[in-house]
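Asks: Residue numbers (the working numbering), protein chains in the order written: chain A, 1 to 206; chain B, 1001 to 1159.
Hints may be right or wrong, so weigh each one.
Below, simulated PhoX-like cross-link-like pairs (lysine-lysine); rule was C-alpha separation at most 25 Å, straight line [to be verified]:
| hint | chain 1 | residue 1 | chain 2 | residue 2 |
| --- | --- | --- | --- | --- |
| 1 | A | K30 | B | K1075 |
| 2 | B | K1065 | A | K149 |
| 3 | B | K1097 | B | K1146 |
| 4 | A | K149 | B | K1075 |
Example chain B residues on the side facing chain A (calculated, C-beta under 7 Å, incomplete) [claimed, not checked]:
| hint | residue |
| --- | --- |
| 5 | C1012 |
| 6 | S1014 |
| 7 | R1035 |
| 8 | M1038 |
| 9 | A1043 |
| 10 | G1044 |
| 11 | G1093 |
| 12 | S1096 |
| 13 | G1098 |
| 14 | F1099 |
These are calculated hints, taken from the structure and not from any lab test.
The model shown is predicted, which means the values in this text are computed figures rather than measured ones.
Positions of the beta carbon are idealized from the N, C-alpha and C atoms, including for glycine.
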Amino acid sequence: MPSATLSRWFFGTNQTEPMSRSGITDDGAKRISFTDFVEALAIRSLRADYGVPLPKIKEAIRNARDHYRIEHPFARQDHRTVLIGKDLHIFLKEDAENPVGLTGPDLGQKSMKPCIEAYMKDLDYDADGLAVLYRAFTFGDQEIVLNPKVRFGAPSVAGSGYSAETLWRAAVTEGSIERAAELYEVPEAAVEAAYRYWNQEIGNAA
Amino acid sequence: MSAGLKLLFDECCSPRLPRELRDFYQRDYPALQIRHLMDDWTAGTPDSQWLEALRQDPSWIIITKDAGKNSAQEKLPLICREWGITHIVFTPGIISKGFVTQKNAVAGVWEQLFQLHRLPPGTQVKLGESNQKGDVTGFELRVNQKSLITVLRNLPAND
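The shape of chain A in the complex, shown without the other chains:
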């Protein structure tokens, strides 16, 4: 995800208000929390996969906060936000069966329509229902995960002990996945997962 996009969403521009006010700027640099990042994934998914316009997403975040006192609606398990038709809805903690609308004409009304929650399938949650791990990529039985408690959320190959970037770089500099796996003493599949993931990220950033 381009850093310029994240900056626009979380810090706004001269012309636009930020999507969320949770960006961290106290040390002069622009930073976002893991929760912000998870929310950004959801926003990207809503825009790219479901064509939800940004103003509608902003409206949903604002309404979640103003009407239901829910911050980070896209990063929570107990207040899952879903898409029904073209409008965003939320499952409130007190009623896990019936989502209520955050945008569109049925704002505040119960809706029984089926819903979509595709962007939540790769998240793990803590006991409080807040996202704590994001499964960014899967290759065979190998997973690239982002965990804020490990390397400040940098992508890692689960179970290998190494960051995805380290194993990707090793494969590039050593000339083969097999050699990198030998040198870093991890399964070849772990290096291949890192290699495929990082190449995909480079492709997305280009």
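With chain A's structure known, arrange chain B on it following the hints.
Replies: Frame of chain A; chain B shown alone:
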């Protein structure tokens, strides 16, 4: 000091690097300590956490590929400088040539490593190829683009 050289290889280095250097040098340098970060720390431990432990014993020298240019992560060289931990950073040229070159580079400057304790704590030392003419490639340690030998020569005499 020379008998007690302590080298710690960062996680971005192959764990075979410290192991093979240790196997090669240990008999001649019995007090030598060469470790890989993951020998002692859980994977993914934030740099500031394990560096805090090393801060208690500034005789350790860190060897890393991390030049601190990744804005998304903690800047290891910056923390080392602030906390007085001398560290060696492989140059991009050495990194791009892979494991064997990295191992040869450390071995190529081996004797000079024993002089690093004379530098001010927290100094960043670059390990790269030396500018030699012809086909022979050498390795050298540099501080602020000056060779370590030159820097040491200009240190006050009581060092």
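Asks: State for each hint whether it applies.
Replies: Evaluation of the provided hints:
With a C-alpha separation of about 16 Å, the suggested pairing of A:K30 with B:K1075 holds against the 25 Å cut-off. For the hint pairing B:K1065 with A:K149, the CA-to-CA distance comes to about 22 Å; that is within 25 Å, so the pair holds. At most 25 Å may separate the alpha-carbon atoms for a hinted pair to count; B:K1097 and B:K1146 meet this at roughly 23 Å. With a CA separation close to 17 Å, the supplied pair A:K149 and B:K1075 stays within the 25 Å bound.
Proximity of B:C1012 to chain A holds as hinted, the smallest CB-CB distance being about 5 Å (cut-off 7 Å). Taking 7 Å as the C-beta contact cut-off toward chain A, the hint placing B:S1014 at the interface holds, the least distance being around 4 Å. Checking B:R1035 against chain A: minimum C-beta separation of about 15 Å lies over 7 Å; hint violated. A distance limit of 7 Å between C-beta atoms decides the matter here; for B:M1038 the minimum to chain A is near 6 Å, and the interface restraint holds.
The interface hint given for B:A1043 holds, since its Cβ lies 3 Å from the closest Cβ of chain A, which is under the 7 Å cut-off. For B:G1044, the suggested interface contact is upheld, since its CB lies about 3 Å from the closest CB of chain A, less than 7 Å. For B:G1093, the interface hint is violated, since its Cβ never comes within 7 Å of a Cβ in chain A; the closest pair sits about 11 Å apart. Interface restraint check for B:S1096: the shortest CB-CB distance to chain A comes to about 6 Å, inside 7 Å, so the restraint holds.
For B:G1098, the suggested interface contact is upheld, since its CB lies about 5 Å from the closest CB of chain A, less than 7 Å. Against a cut-off of 7 Å between C-beta atoms, the interface hint on B:F1099 holds, since the closest Cβ of chain A lies about 5 Å away.
The structure fails hints 7 and 11 (numbered hints given earlier, in ascending order).
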